[in-house]
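Protein chains: 2
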Amino acid sequence: MADKAQLQEAIKTQGEVVRKLKSEKASKEQIDEEVAKLLQLKAQLGGDEGKHVFVLKTAKETLTGKYGEDSKLIYDLKDQGGELLSLRYDLTVPFARYLAMNKITNIKRYHIAKVYRRDNPAMTRGRYREFYQCDFDIAGQYDAMIPDAECLKIVYEILNELDLGDFHIKVNDRRILDGMFAVCGVPDEKFRTICSTVDKLDKMAWEDVKKEMVNEKGLSEDVADRIGEYVSMQGGQDLAERLLQDPKLSQNKQACAGLTDMKLLFSYLELFQVTDKVVFDLSLARGLDYYTGVIYEAILSQTIPAPAEQNGADEAGVSVGSVAGGGRYDGLVGMFDPKGRKVPCVGVSIGIERIFSIMEQKAETSSEKVRTTETQVLVASAQKNLLEERLKLTSELWNAGVKAEVLYKKNPKLLSQLQHCEETGIPLVAILGEQELKDGVVKLRNVASREEVDVPRADLVDEIKKRTL
Amino acid sequence: MADKAQLQEAIKTQGEVVRKLKSEKASKEQIDEEVAKLLQLKAQLGGDEGKHVFVLKTAKETLTGKYGEDSKLIYDLKDQGGELLSLRYDLTVPFARYLAMNKITNIKRYHIAKVYRRDNPAMTRGRYREFYQCDFDIAGQYDAMIPDAECLKIVYEILNELDLGDFHIKVNDRRILDGMFAVCGVPDEKFRTICSTVDKLDKMAWEDVKKEMVNEKGLSEDVADRIGEYVSMQGGQDLAERLLQDPKLSQNKQACAGLTDMKLLFSYLELFQVTDKVVFDLSLARGLDYYTGVIYEAILSQTIPAPAEQNGADEAGVSVGSVAGGGRYDGLVGMFDPKGRKVPCVGVSIGIERIFSIMEQKAETSSEKVRTTETQVLVASAQKNLLEERLKLTSELWNAGVKAEVLYKKNPKLLSQLQHCEETGIPLVAILGEQELKDGVVKLRNVASREEVDVPRADLVDEIKKRTL
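Chains A and B supply the protein sequences, listed in that same order.
First residue of the first sequence: 1, per full-length UniProt numbering; consecutive thereafter.
First residue of the second sequence: 1, per full-length UniProt numbering; consecutive thereafter.
Okay, chain A solo, but in the shape it has when bound (with noise of 0.2 Å):
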């Protein structure tokens, strides 16, 4: 909150605004907009903000200051009190607060939410203003390196098991690049936005980067060649080794500290034995401010290919590229308590849009039937006025647990439900008929083999959980 005196200032600059635009005879809307912030301004030096306050604001202020360049792709909204609002641009700064708020200084959580890029959209690779994310974090004071290497292992088991193809997970830490940039012979001002510029190096040449090192960002060609020769490397624990008595970065003492957590991080990854798709990359930068020691990003191999429709020659597959990446941010909690209290976190964010849009591409490619239902079976008739029947079953199915489902007409015909079935993958359907009401039986169908066996209706849920298990 700003002190008395500024507030004062701000008041008169906004009074005079106000006037002005009266004098001018500009819009109402203009004016009322202008008149609520000076109203804002007077609450806040009059009122006790806590008191009424139920609506935890995410106030502009929240967001700035912790995504460098990013910066420019918050998308900002303004509320009805003339305030600056935002909306969320990912869900770690909204976490951190959280927990500042709450005062919790042990959590491991996952989130799926929605959060906001004003960027280029680029729908073909998953790339939306509006998109969700999946973050998984790990908060709490802990011994080096162990729950970071659980969000590497989390990270290589998802791309895994969804079978998205080749994938490797670049992985760095901010104090190397940091100790890099200094032995190297950056001027500490010029860090962070010498590390936007390594951050490229995923999409533009070493040449083009050097290019805006020198040209741009006023590096003199001997430290952008010096900073060139330490980006090229990659490799694993060995890797870190080697730096570890590289005569210029075992001078420095963040590089020594981000160097043997690497190594310490690289032998729990093997234990996890992940190592084999985890890379040490000297590259990989990260444009956000808020890490401070080890950082990830993960990146699909091999592109996928576009569905014939859109098969044009410039088109021919789609590259992803990152699909998931995180680090260590042990400073972000503290920017939130009043006392500055802080709380170390590492975490991931999963591009789970582009990870769909990867595996729906992937589907219609391989023209893949996807079962769209968690329905275990329909509940169908063969014979006209059997609705209320149908009905009493099915109840009787839900009742039991049994994932079941009828047709929301009295008189469908059978094939129209067992077409149903096939459309939207439903294995079973329990027929019922006349006889087969007479008979106490239900006749259960596996829609694929189109095999039937008559149930009795006692035994009904049984045989469909043994056979939907």
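What the hints contain is simulated information worked out from the structure, not anything from laboratory work.
Warning: the hint list may mix true and false statements.
[As the list claims (entries may be wrong)] The list that follows gives simulated cross-link-like pairs (lysine to aspartate or glutamate, DMTMM-like), each with its CA atoms no further than 20 Å apart:
#, chain 1, residue 1, chain 2, residue 2
1, A, Lys277, B, Asp289
2, B, Lys409, A, Glu270
3, A, Lys342, A, Asp143
4, B, Lys200, B, Asp289
5, A, Lys22, B, Glu9
6, B, Lys25, A, Glu16
7, B, Lys12, A, Glu29
8, A, Lys410, B, Glu270
9, A, Lys28, A, Glu16
Chain A is already provided as a structure; the job is to place chain B on it using the hints.
Below, chain B without anything else, positioned relative to chain A:
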């Protein structure tokens, strides 16, 4: 979008605002903000907005005219372009818009997401300005009352299984209400506003509702009294039958259609075995304009005792009231379709946040322990220097699909590992020691019973799965 002359005027005014702020040496932030607005306005003038718009904007217009008198609760925002935007008020209108835009004519789905109300929050009752709703809807042209009955069955199931105490579900039909107003002598143009007044009968006495009808809404006493007779009626299928014989209502086509459907609905509810909680109640009105047929609302009967520390004289218990509601809205999708094509829909919104607040209070009152994790087993050790063995075993369990956890400490004490299980409700501990490693076993401990047994490492996964079925 504003027209060109308006924009040019706004740019001029904004330019002056910026110049003024600069001359007054206002804060950089404030100037930047006003400059940004100026650039935005200029961009609007020059750019071709349509070209790069991929994000479908839910403009305020989408929401207006759908909520009747509740419209004042819509949370308005302003986006950067100065367009009027709002936060979504419920999930029904966005669902209808989604169907129309994607030309979907058949779907059954649930959706859990946040909605926003500019209302007075009441935390203890689970009423917030931003809160989650859970909607279930069935869209499609089907035979009468079958999907409607399924919605009621679902509400019944949810409230029953969550064990929230006694409840009842009021049911009515918009057509019965309209027919009733017509035969009572309410002028057509007052149907909606009188409907809103009737809707208050759950919070106000009839005398006060009548007063509002007469004094504020301008009905004659006679008309109000006639309404009063009807809205005091409650029953089941029998009441629907009786009203079909009512000399006045039976002359009204709409009322008859509604009553016939109500009879049918109850016959299906009978098959679903839920009639013990469902009441046909002519006083149920629900405020929203979009309903066209059946409407319903689920109400918890009991008040929940407030937790001891908050238990003041005035707040002896918390009455939560309505926890779910919905109905049929056959016209809403058509309002979003350029050709007005209708898709009949019926659905229900479950106030999960309210339900959670009741469950939390119940748990607090009963001092019941709520399990906060799904973890099946904690991998632990009693001796030092076994971190690597713990990580290895954890990874083995993860790879086998077991939900396992490990403390992120090099050498945690056995006691703190056991305490962690007790606090979070992890039922099993897999304990490793030098001896166990040598013998190729793991000591599996039941946290509750403290019983321990040595399990051969090869059998561990099966044993854990068997014990945590």
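For each hint, the structure was consulted:
1. Annotation: proposed proximity of Lys277/A to Asp289/B is violated, straight-line Cα distance about 57 Å (limit 20 Å).
2. With a CA separation close to 18 Å, the supplied pair Lys409/B and Glu270/A stays within the 20 Å bound.
3. A hinted pair counts as satisfied when its Cα atoms are at most 20 Å apart, and Lys342/A with Asp143/A qualifies at roughly 15 Å.
4. For the given pair, Lys200/B sits about 15 Å from Asp289/B by alpha-carbon distance, which is consistent with the 20 Å threshold.
5. Note on Lys22/A and Glu9/B: the hinted pairing holds, with a Cα-Cα distance of about 14 Å set against a maximum of 20 Å.
6. A threshold of 20 Å between alpha carbons decides the hint, and for Lys25/B with Glu16/A the separation of about 13 Å falls inside it, so the pair holds.
7. At roughly 15 Å between alpha-carbon atoms, Lys12/B and Glu29/A fall within 20 Å of each other, so this suggested pair holds.
8. With a C-alpha separation of about 17 Å, the suggested pairing of Lys410/A with Glu270/B holds against the 20 Å cut-off.
9. For the given pair, Lys28/A sits about 16 Å from Glu16/A by alpha-carbon distance, which is consistent with the 20 Å threshold.
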